[in-house]
Amino acid sequence: MSKIVACYKWVLDESDIRINSDLSVDFSKAKGKISDYDRNAIEAAVKLAEAVGAKPVGLTFGSSKARQSLKDALSRGLEEAFWVKAEEAENADGAVTARALAAGIKAMGDVALVICAEGASDTYARQTASRIGALLDLPVVTSVLRVTVEGNTVTAVRKLDDCLETVKFELPGVISVLPEAFQPTIPGLKAVMAAGKKPVTEYDCGSLGVNLVSARKVMEVKAYAQERRNIIIEGDNAAAKVAAVVSNLKKEGVL
Amino acid sequence: MAGVFVYSDKSGIALELVGCAKAAGKEAMVIVFSQEAAEEVKNSGADRVFILQGDNEVPENYAQAVADFLKEKSAELFLVGATARGRDLAARVAGYLDCPMASDVSAISFGDGKVTTERMIYGGAVTQKEELTGLSVVTVAGGKYAPIEGSAEVETVTVTPDNRVQLVERAPVERKGVNLQAADRVVCVGMGVEKEEDMQMIRDLAAVLNAEIGCTRGIAEEKHWLPPEQYIGISGAVIKPQLCVSIGISGQVQHTIGIRDSKVIVAVNNNEKAPIFKTCDYGIVGDLYEVVPLLIEELKK
Chain A
1 MSKIVACYKW VLDESDIRIN SDLSVDFSKA KGKISDYDRN AIEAAVKLAE AVGAKPVGLT
61 FGSSKARQSL KDALSRGLEE AFWVKAEEAE NADGAVTARA LAAGIKAMGD VALVICAEGA
121 SDTYARQTAS RIGALLDLPV VTSVLRVTVE GNTVTAVRKL DDCLETVKFE LPGVISVLPE
181 AFQPTIPGLK AVMAAGKKPV TEYDCGSLGV NLVSARKVME VKAYAQERRN IIIEGDNAAA
241 KVAAVVSNLK KEGVL
Chain B
1 MAGVFVYSDK SGIALELVGC AKAAGKEAMV IVFSQEAAEE VKNSGADRVF ILQGDNEVPE
61 NYAQAVADFL KEKSAELFLV GATARGRDLA ARVAGYLDCP MASDVSAISF GDGKVTTERM
121 IYGGAVTQKE ELTGLSVVTV AGGKYAPIEG SAEVETVTVT PDNRVQLVER APVERKGVNL
181 QAADRVVCVG MGVEKEEDMQ MIRDLAAVLN AEIGCTRGIA EEKHWLPPEQ YIGISGAVIK
241 PQLCVSIGIS GQVQHTIGIR DSKVIVAVNN NEKAPIFKTC DYGIVGDLYE VVPLLIEELK
301 K
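Chains as they are written, first to last, in my numbering: chain A, 1 to 255; chain B, 1 to 301.
Rather than coming from a laboratory, the hints here were simulated on the basis of the structure. Ideal Cβ positions, reconstructed from N, Cα and C, are used throughout, including at glycine. Honestly, I wouldn't trust all of these hints.
Stated by the list, open to error - A few chain A residues that don't get close to chain B, going by computed Cβ distances all over 12 Å:
{"id": "1", "residue": "Gly53"}
{"id": "2", "residue": "Val96"}
{"id": "3", "residue": "Ile186"}
{"id": "4", "residue": "Lys222"}
As the list claims (entries may be wrong) - Simulated DEER-style distance windows between Cβ atoms:
{"id": "5", "chain 1": "B", "residue 1": "Glu272", "chain 2": "A", "residue 2": "Lys71", "range": "50 to 60 Å"}
{"id": "6", "chain 1": "A", "residue 1": "Ala225", "chain 2": "B", "residue 2": "Met191", "range": "25 to 35 Å"}
{"id": "7", "chain 1": "B", "residue 1": "Asn163", "chain 2": "A", "residue 2": "Met219", "range": "50 to 60 Å"}
{"id": "8", "chain 1": "B", "residue 1": "Leu167", "chain 2": "A", "residue 2": "Ala51", "range": "36 to 46 Å"}
{"id": "9", "chain 1": "B", "residue 1": "Asn163", "chain 2": "A", "residue 2": "Glu50", "range": "25 to 35 Å"}
{"id": "10", "chain 1": "A", "residue 1": "Val192", "chain 2": "B", "residue 2": "Glu297", "range": "33 to 43 Å"}
{"id": "11", "chain 1": "B", "residue 1": "His224", "chain 2": "A", "residue 2": "Lys47", "range": "13 to 23 Å"}
To be verified - Simulated crosslink set (DSS-like; lysine-lysine; CA at most 27 Å straight-line):
{"id": "12", "chain 1": "B", "residue 1": "Lys144", "chain 2": "B", "residue 2": "Lys195"}
{"id": "13", "chain 1": "A", "residue 1": "Lys222", "chain 2": "B", "residue 2": "Lys223"}
{"id": "14", "chain 1": "A", "residue 1": "Lys159", "chain 2": "B", "residue 2": "Lys144"}
{"id": "15", "chain 1": "A", "residue 1": "Lys217", "chain 2": "B", "residue 2": "Lys278"}
{"id": "16", "chain 1": "A", "residue 1": "Lys251", "chain 2": "B", "residue 2": "Lys129"}
{"id": "17", "chain 1": "B", "residue 1": "Lys114", "chain 2": "A", "residue 2": "Lys222"}
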């Protein structure tokens with residue numbers, strides 16, 4: 001049975017990130033999660049596979065920390081998980097990530113469709129689907145709002161800046177889905193229990209021959225500096241607080 | 001021909017990107033895919049305009065052709081407008097070249113065989129400075145650089161597009177008269193509003209302020225109380241009004257990235273610990289159902 005592959009990334013939860021007073025960033029308390037939008041990609045793979053009788057599988061490129069993601073991904077309806085392993089994944093750029101995922105897709109074989117989310121919730125670079133398509137020289141359709149598969153033909157409606165564009169292509173191919181295209185379901189207890197018994201395949205980057213060298217170097221990471229006055233108008237009298245704000249806005253010349 | 005090669009499906013952004021490259025003292029070449037697009041950029045002050053001519057109406061289908069062209073011309077940078085199409089084409093070109101790419105950068109500077117960029121990560125909470133070596137791809141949103149003027153020679157090059165993805169139809173998205181990007185004042189509404197009928201109160205506030213209405217992703221995508229064009233944030237609209245009034249919004253970074261270019265931000269929220277109070281100029285801790293009617297009354301005075 002041919003596979004529909006959902007690519008996903010195990011990321012740090014941005015709500016756990018702490019900003020120090022010198023604007024340095026403390027990631028030490030941050031827990032991992034499957035990137036929010038990638039849950040839409042997983043849902044898309046599960047739904048489309050069900051519609052056409054394909055096998056929905058997950059694929060991630062991650063360090064040893066990504067082991068935690070496998071059960072979570074499998075509880076969302078995927079039947080098998082593939083994990084391309086390398087510690088370098090934690091700081092990988094778009095080029096390295098796409099090489100690793102493309103190598104995983106080649107290694108698992110018999111792939112009809114690759115589905116990515118629009119972007120990851122940490123970097124939100126929105127490169128992966130397009131890069132994988134180029135590396136594997138497959139047709140690519142991004143920004144997909146609606147998609148149907150009939151036989152070998154994929155018809156997709158793309159939401160672009162000023163139009164809805166309907167396109168079609170023959171499988172195999174790569175698509176990226178918008179967050180609003182597929183609403184992820186929260187896995188029930190039964191699905192979580194079953195996930196532990198589903199197969200997982202681990203690939204080593206070295207044996208897949210993935211080039212982990214990037215021409216991108218991270219020079220600095222720091223918190224975004226907000227320059228806001230942060231004046232919170234105090235008091236119990238709501239009308240007085242409102243009047244104070246309006247008076248300030250008049251002084252600022254924005255009313 | 002080293003230099004910066006520019007592309008945007010929005011001619012206005014292409015003009016700005018030429019301005020960016022020329023201001024850095026670089027040679028700037030514009031890539032277009034049609035005669036009409038060439039007309040729109042031939043007075044951009046670029047050194048040359050190249051029409052990559054093929055029989056396909058979808059710009060992204062020229063990715064392989066663009067990658068080959070950039071290599072042939074020994075380009076140093078492919079600078080692309082960060083629209084949905086631009087990002088896709090840019091990333092596919094980066095894929096075919098297997099070269100580094102920085103997406104949606106907020107700053108760019110040129111060095112010897114390198115570019116240094118800054119971009120936001122973690123929903124805008126953190127900025128990352130990166131150095132890209134060799135031929136690279138960078139995308140930049142519109143509105144960051146000033147266009148220049150000057151005529152450019154136009155040259156046509158015949159290329160072979162990828163015809164595997166076929167266009168079936170295009171339907172323009174109907175804009176419902178809201179232009180958030182251009183608005184001077186915006187009332188922004190979040191999940192603190194309990195019922196759809198309470199949106200009337202928000203419309204009343206917007207009316208007295210002569211403001212447009214924006215919202216968080218939840219209001220547009222979960223509640224469907226406003227169309228998706230009206231949600232503000234990292235994957236929605238980014239606004240820069242004189243005044244942004246934020247009502248019932250907790251202030252997650254995915255949203256606040258879209259309002260932080262506002263001159264003045266006012267926030268109303270009943271939770272004094274809500275992160276919106278760290279991103280606002282004036283904050284009122286209180287029940288929006290009490291504060292908003294008072295605000296309307298005060299503004300009418």
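Hints versus structure:
1. At the 12 Å boundary, the C-beta of A/Gly53 stays outside the reach of chain B, the nearest C-beta of that chain being 24 Å off.
2. The beta carbon of A/Val96 is not kept farther than 12 Å from every beta carbon of chain B, the shortest such distance being approximately 10 Å.
3. The beta carbon of A/Ile186 is kept farther than 12 Å from every beta carbon of chain B, the shortest such distance being approximately 14 Å.
4. For A/Lys222, the shortest C-beta to C-beta distance to chain B comes to about 6 Å, within the 12 Å cut-off, and the non-interface label is violated.
5. Under the hint 50 to 60 Å, the C-beta atoms of B/Glu272 and A/Lys71, about 38 Å apart, miss the expected range.
6. Distance hint for A/Ala225 and B/Met191: a CB-CB separation of about 27 Å, consistent with the stated range 25 to 35 Å.
7. Between B/Asn163 and A/Met219, the C-beta spacing of about 41 Å breaks the proposed range 50 to 60 Å.
8. In this structure the supplied range 36 to 46 Å is violated for B/Leu167 paired with A/Ala51, their Cβ-Cβ distance being about 24 Å.
9. Restraint check, B/Asn163 to A/Glu50: a C-beta distance of roughly 31 Å satisfies the suggested window 25 to 35 Å.
10. At roughly 52 Å, the beta-carbon separation of A/Val192 and B/Glu297 lies outside the given 33 to 43 Å, and the hint is violated.
11. Here the CB-CB span from B/His224 to A/Lys47 is close to 20 Å, well matched to the stated 13 to 23 Å.
12. With a CA separation close to 38 Å, the supplied pair B/Lys144 and B/Lys195 exceeds the 27 Å bound.
13. Between the alpha carbons of A/Lys222 and B/Lys223 the distance comes to roughly 35 Å, so the proposed pair goes past 27 Å and is violated.
14. Between the alpha carbons of A/Lys159 and B/Lys144 the distance comes to roughly 24 Å, so the proposed pair stays at or under 27 Å and holds.
15. For the suggested pair A/Lys217 and B/Lys278, the alpha carbons sit about 32 Å apart, so the restraint of at most 27 Å is broken.
16. Taken as a hint, the A/Lys251 and B/Lys129 pair is broken in the structure, with Cα atoms around 37 Å apart against an allowance of 27 Å.
17. Proximity of B/Lys114 to A/Lys222 is assessed by CA-CA distance (about 21 Å); at most 27 Å being required, the pair is judged to hold.
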